[in-house]
Amino acid sequence: MRKDDKGRIHLKLVFYGPSLGGKTTALRWLYGKVEGLQKGEFTAIEDETNRTLFFDYVPMSAGGRVLFDVFTVAGQKRHRHQRKVVLQGTDGILFVADSSPDQRDENTESFEELKLFLGDALGREIPIVVMLNKRDLPNRMSRDEMLDLLGLGGNVPIYETIAIQGVGVKRAFQAIAREVILKRMYK
Amino acid sequence: MSDPKAFDKILTDIIRQDKGIKKVILVDKTGLTIANVSKLSYYPVDVDSIGAIASAVFCASEEQGKNLQIGELEIVTSEFSEGKIFASACGKGVLCVVSEAEVNIGLIRLVMKKQGMQLADELDKFLAVEPMAPSKDRELDEEDLKSALAELERV
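Line by line, the protein sequences give chains U and Y.
So for the first sequence, the numbering used here puts the first residue at 1; every next one is plus one.
So for the second sequence, the numbering used here puts the first residue at 1; every next one is plus one.
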């Protein structure tokens, strides 16, 4: 939690996960479709094919003096150092896992990398919400299979989502925002 | 807690040093814009976005320097056909100066270095607010957080 010179509270949320898993799609959906949130401009540092090169960023607020600075990371493996930079000072993580069976290893690698970067703080000081994305795929992995894959127990909120249609995205965002606020209130 | 107006004073001192300086922004290393001043009252830029990028670019360059083992990063200069962006370290933050193309680079570097030290001290005080916040501030924060929580449920 940080404050700006106007005394407003800023909380940093980061969408993390493997390449092409739906991080930017989910953020764009929140940006474009959710009316109750006040939003600043959408900033994207991306290549010509719209793949994220560094991060996407949107400041959002549900009103009042608390702002969420929402970032995504670049998912491709070679952008590891950029991801580390974006994670600095994060207050909450939305991990976007890809339900496609051929992304098994990518999901695991990305989650392991996240644990490596945040260490013991992940899930303790820094809340995490997991989005199992692309649930509309006919050959999707089962929920249990994905949770086993990521080594997640029952204490992490899990949302099944279809980012391209916005299914579950708002609820997942509300969940991480709520977790982060509660963490700050009862710290 | 440091007085947030202290930032404005230092940033204003910087902007007055060269007529080519258009904007001065102070960001922390998480991408949060802490304070900013402009030469013109109407300068239509998205400061939050500029701050986030400035911080990320600076931190990415720092990481690059660390990987290459070439020491501490002092300043990043980006030169455009119609302007320049300077970003330098100032303790836990990054000082970002946006200027016209024709400016005295030596002077700007010197000013950023000198004022950067002062900003670093102020930032230390400002960012140290949390553990020693007076109870009234804490109550206000709690009210803001509670209200955000309620608003969030209505989204």
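Rather than coming from a laboratory, the hints here were simulated on the basis of the structure.
Glycine included, each C-beta is placed from N, C-alpha and C at the ideal position.
Don't take every hint at face value.
Stated by the list, open to error - Label-pair ranges, simulated between beta-carbon atoms:
hint: 1; chain 1: Y; residue 1: Lys66; chain 2: U; residue 2: Ala121; range: 39 to 45 Å
hint: 2; chain 1: Y; residue 1: Ala101; chain 2: U; residue 2: Ile164; range: 41 to 47 Å
hint: 3; chain 1: U; residue 1: Gly151; chain 2: Y; residue 2: Leu107; range: 32 to 38 Å
hint: 4; chain 1: U; residue 1: Pro101; chain 2: Y; residue 2: Asp3; range: 55 to 61 Å
hint: 5; chain 1: U; residue 1: Ile164; chain 2: Y; residue 2: Glu100; range: 40 to 46 Å
hint: 6; chain 1: U; residue 1: Arg8; chain 2: Y; residue 2: Glu100; range: 29 to 35 Å
Going through the hints against the structure:
no., hint, verdict
1, Y:Lys66 to U:Ala121: 39 to 45 Å, "violated (21 Å)"
2, Y:Ala101 to U:Ile164: 41 to 47 Å, "holds (43 Å)"
3, U:Gly151 to Y:Leu107: 32 to 38 Å, "violated (55 Å)"
4, U:Pro101 to Y:Asp3: 55 to 61 Å, "holds (57 Å)"
5, U:Ile164 to Y:Glu100: 40 to 46 Å, "holds (43 Å)"
6, U:Arg8 to Y:Glu100: 29 to 35 Å, "holds (31 Å)"
Checked against the numbered hints above, the structure violates hints 1 and 3; every other hint is satisfied.
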